[in-house]
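Student: Can you join these two chains into the complex? Each is in its own frame, and there are hints to help.
Residue numbers (this note's numbering), protein chains in the order written: chain A, 3 to 209; chain B, 689 to 1184.
Note that these hints are calculated values from the structure, not bench results.
Cβ atoms here follow ideal geometry from the backbone N, Cα and C, with glycine treated the same way.
Incorrect hints may have been included.
Unchecked claim - Residues on chain A that point at chain B, a partial pick, calculated with CB under 10 angstroms:
#	residue
1	20
2	24
3	27
4	29
5	61
6	87
7	108
8	111
Claimed, not checked - A few chain A residues facing chain B, derived, Cβ under 10 angstroms:
#	residue
9	22
10	31
11	114
As the list claims (entries may be wrong) - Just the calculated beta-carbon pair ranges, DEER-fashion:
#	chain 1	residue 1	chain 2	residue 2	range
12	A	91	B	1171	44 to 50 angstroms
13	A	50	B	946	58 to 64 angstroms
14	B	1127	A	45	52 to 58 angstroms
Given next are the chains, with one letter for each unit.
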Amino acid sequence: MNTTLSPLIHLIDDDAAVRDSLALLIGTVGLRVQTWADPQAFLAQFDRQGIGAIVLDVRMPGISGLAVLDTLVAQGVDQPVIMLTGHGTVEMCRRAFKAGAAEFLEKPVDDEALIEALQNAVRQHVRSRERHQADRQARERYAQLSEREREVLGLIVSGLTNKEIGRALAVSPRTVETHRANLFAKLEAESLAQLIRSYATLADAAP
Amino acid sequence: MRPMWKTLRHQGAWLVAWAVLAALGGVALARQELARQREAFETDARIAHRLLSQRAVQQDAVLATLALLQPAGTAGPTAQPEQRLSSVYPQILEVQRRGPGEAWPVDIPAAQAALADAEAVSRQARRVALAVSHLATGRYRLVLAAEPHSYALQIDVATMLPWNEWPMPRDTSPVRLTLEQDGQVFVVQPGRIQEGGWRFEFHKHLATDSQPFDVFALRQVGWGELPWAWMLAWALGMAVLLAALQTALTQRAARRRAEELLRLGQVARLNTLGELAAGMAHELNQPLTAVLANTQAARRLLDEDPPELDTARHAMAQAAEQARRASTVVGRLRRAVERPDLAGKLSPVKLQDAVREALYLLEPENTRRSVAPTVQAPAQDVVVLADRVALEQIVHNLVMNALQALEQVPAGQRRLTLTIATDARLGTLAVQDNGPGIPPDALPRIFEPFFSTRPGGLGLGLNLCESLASNMGGSLVASNVTPHGAALRLSLPLSA
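So that you can see chain B by itself, here it is in the shape it has in the complex (with noise of 0.2 angstroms):
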């Protein structure tokens, strides 16, 4: 129930990161998206507002190039140039022209009277006058007064609006634009504006005091308008690197414990061989104590005055019973260490797997020593019969010890290569370094218990893997090769 609880808290922990990374990078995507949204719009509705100024503006001056001109004193076609205005402009519907002391030529009453004081106003300002403004429909009069003749303009707005220069497709694009003025609106683009969402506006004046409208844009962001997929692409991404970074942590937790346990199993073995050597120390303890106080007590009655033979006779020969136990320790403890245990529990194990996994486990420890072992293996699988434990320990133990030896040569040039070989009857692995090599006189005492070539060594490695291996029905034999180095070769009966 425990670890299942772990487990589920431990896989907790990841989800609620893969959501809180998911939801960062999400908000992160919809504000990016939101504001490029924004900066699109108002840049549109810039400009917008200065095409839609630039035609007012224009329309003024149509106005003033009119006054300037006044009509020519000869009749003909340039007589009254401004009725031909229409087809360079088509927005301006029509051209009206006041001469002095004549009402404005216009037949509705309410449009002549506004004409007259929008005429007043102009005067007055000095500029061009709105006169007559239906801005819901769309048309509108403008008035500028001047001597002799004064002039007035009807403008329609649909035909005015820039659609060549336009910044956004008319129907299509969602912002929606309008002009309006003490509550007239006249809609230049319609534009998509739906519930919920965010919502960015623009208002403006147009450039010119003539026109007094404002140019008012609005859009309306919706929900469904959000960067969704790299939304999803972001959370999708988040939970590829999250999963791949968990595997890591467990690849690297799993090969921490296989190194555990690996050490382990070595710490155990030499704690049993310790036990054995305080064991047998006791034993051997006994009969010698028992021997050396038997003689000692011995001398002493012999010196005696008279001397105490019989005693003495009789302490002689419990030393020499007591030399005889001892020796039957020393048979007792030999058999004990032949391990007759590991013969019974070999299966057919692959070479190559075992130096795979033994590497694997020693990856750091080579890395930290910059070496890049070698691995030659045949390309059929070499299958010998070994205890798969005791086989790791072996190579691990020979790889170790290769390392330890290559300490001693520079960096670039360490050289370790495991090779696989095979013949009739046995699978062999090879374990050759070019570090200083053994010095000849250790060579035949390699493998003796606590021997050692390293200060501080406990010389029990080599020793271990040698019993390991002839336990195993197998051998273990160290050369030296040329230039310098050692190779080990460990031979192993191949699974029939």
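With the rest of the complex left out, here is chain A (with noise of 0.2 angstroms):
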């Protein structure tokens, strides 16, 4: 396995026996675990574009982990938060979700369940990245189209035939057919179906 693109779990906690053990415990499913005494110390240098989650204590001298989680979801980082807490009240769980956190677990913490709130992380932040990959390249290869490419992807969106757009952009159908060959290039699109999927948001929120 390449170890650069295998998932990293954050896992930060002020008490370094529970840190220690649950580090221990993560990585025995193979998990690679970073773990941080310091909110702040994490907050400043952990790695951003990286794969995988992030188990935060709620209770922690100096900052909050609800604190650190908004700052988090204020940032923008898309790594999934998993809360862990001595006492959960139903108002701090309450809030726990509502601040953006992925699950909500109580110490001390069941390995199962532990384990299976990781992997469930990871993969819906693998998922996620896939996603945003498609939508950014998706946004490149739309900023690549000519103005009259982008009318041309609009009308075909909307499900017109080439001689309604030739019609209605008062040019004769073969032009449109090269425009829709330039596009189809353009966009590595391979059929309709993919070209409709992967633009049909983009063309229509253009103007």
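Tutor: Printed below as a string of structure tokens:
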């Protein structure tokens, strides 16, 4: 397995014994763990690009886990966050989920629950990264289209035929055909269905 | 500065309230007195008017009788009965008679002419007529024309006044009463008329046409005649009443404040307890989390093929280490709740005072549940060594517990007894109720924290009392009494 691509779990807890034991437990299923004693150091230094998840203790000296969660969300960090707490009240749980926590677990935490939560979180993160990747690619390709090609794309997405598009834009169906070929090439689309799936939202959003 | 200003303003409000009440009451009393004076005045004036009218009419009647009788034919004592009238009616000074063709037998020509004129008026009007009126000097003449003889009377007003029936003390009455006619004034009673105050007047003609005099009564009520003593008494009474009210309100506020403080103290203690529990949870959760994670990791490591023995061994050692850590947390906690702080604050406290204070604060609770606590105490003071606040808290909690137990007893049969006693070493307070008592299986556990026989009870009240008592070197014992009910006996060392 390529280590740079395998998911990395960030574990933040001020208690060394908890940190070490949980890291050991998480390591037994082959996930890499980076432990942090200080939430501020974690916020300053951790790798925001990597694939993985964050395990955050609610009660820490200096800054609460919920405040760390708020900061992560505000900074647009997309790694899922699993909150750990000693005594979870309903109110705290509600706040955590509202703030964007992926999971909320009570200490002492059972190995199966923690590992399942982590694996879910990692899967979810990988999927969301892939989706983002595809989105970004689509956006980049769309940006290469000329003005007229975007108009043609919009009309294709609306379900018009070449003839109808030619009539709508006051050009010959032949010219429409050329535009169509160009934009299929630029967008690297292999079929009309794929074109519509990937670019319908972009075409709709265009003026 | 600010509280003082508030106090002043507060006092000011009371002062204004007193002033308004005193003024309203004073005005009402003054008005009542004035109304009474007016009524008395009018009654007196009416009576005076009636008496004067009666006399005036009497004179008419005398003249009419004389005219009817005419002089008898025979000479003798009956020939001229009119000459004896003065002895019966002292106001009649003279009686004149004029026979046919005679002149009126008076010396003064003016009087003679006046009598003749009046006789003419009388003849025409067929009634008694006024002839000469010197009302200012208190004399006048009346004439009645008749056949063959006409008669005239000279009247002295001063003698005519019916003093024996007069409604007012003639010399001391403040009412001025005069008879008036065309600017002539005869003072019947001088009265006392001064400047200022209230003026009552009474005007009325005498009830006969023959003597057209006005009865005029005047009464001037001066400022000095207002019921100042009553007004003062009222103002003082109001001051006393308001002062009492203010005191009562202040006392009630003080009681509320004291109750609030006590309640706050209780809440503060429970809060401390809550924080302690939360802290304990966190402190214990950390090692427990580590123990659990280590043991579970070790199991997984041992399950691997081949098993990772070294790492698993290390994990197990860590788990044991963390379990030891948890046990030190528990030990530390136990030492923390022993409250070493309380021992230093002990001072001599009268058990009687603590009981009185607690019962005073609980008076509303007692009243609401219609419970009248009985206190049995020895005559001499029982002074124990205690923290006053903690002691009052214990008494408060014990009484509250008893009151809650008594809610299951019909209102008329509720008994709550507080007994203070002492022996050579200890002062004791027993709080006994005739409620359902403590279930026998609950009795050994009654002081355990979070143990309650009451649904919804937190189970900390008696626990708190017990730990407070033991921290003061005392004890709290619970027992049941026959036929039913519970007794909680608090013992504290006597102050040396």
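Student: Against each hint, give a clear statement of whether it holds in the structure.
Tutor: Now the hints, each set against the structure:
1. Annotation: interface hint on residue 20/A holds; nearest CB of chain B at approximately 5 angstroms, less than 10 angstroms.
2. At a threshold of 10 angstroms, the smallest CB-CB gap from residue 24/A to chain B is about 5 angstroms, leaving the interface hint in force.
3. Annotation: interface hint on residue 27/A holds; nearest CB of chain B at approximately 4 angstroms, less than 10 angstroms.
4. Taking 10 angstroms as the C-beta cut-off, the interface hint given for residue 29/A holds, the closest approach to chain B being about 8 angstroms.
5. Because the smallest distance between the Cβ of residue 61/A and any Cβ of chain B comes to about 6 angstroms, under 10 angstroms, the interface hint for this residue holds.
6. Below 10 angstroms, beta-carbon pairs count as interface contacts, and residue 87/A has one with chain B at about 9 angstroms; its hint therefore holds.
7. The closest approach between the C-beta of residue 108/A and any C-beta of chain B is roughly 9 angstroms, which is under the 10 angstroms cut-off, so the hint is satisfied.
8. Because the smallest distance between the Cβ of residue 111/A and any Cβ of chain B comes to about 7 angstroms, under 10 angstroms, the interface hint for this residue holds.
9. Interface restraint check: residue 22/A against chain B, minimum CB-CB distance 7 angstroms, threshold 10 angstroms, status holds.
10. Interface restraint check: residue 31/A against chain B, minimum CB-CB distance 8 angstroms, threshold 10 angstroms, status holds.
11. For residue 114/A, the interface hint holds, since its Cβ comes within 10 angstroms of a Cβ in chain B; the closest pair sits about 9 angstroms apart.
12. With their beta carbons about 47 angstroms apart, residue 91/A and residue 1171/B fall inside the hinted range of 44 to 50 angstroms.
13. Range check, residue 50/A to residue 946/B: Cβ separation about 60 angstroms, and the 58 to 64 angstroms hint holds.
14. Checked against the hint of 52 to 58 angstroms, the C-beta distance between residue 1127/B and residue 45/A comes to roughly 57 angstroms, which is consistent with it.
Checked against the numbered hints listed earlier, the structure breaks none of them; every hint is satisfied.
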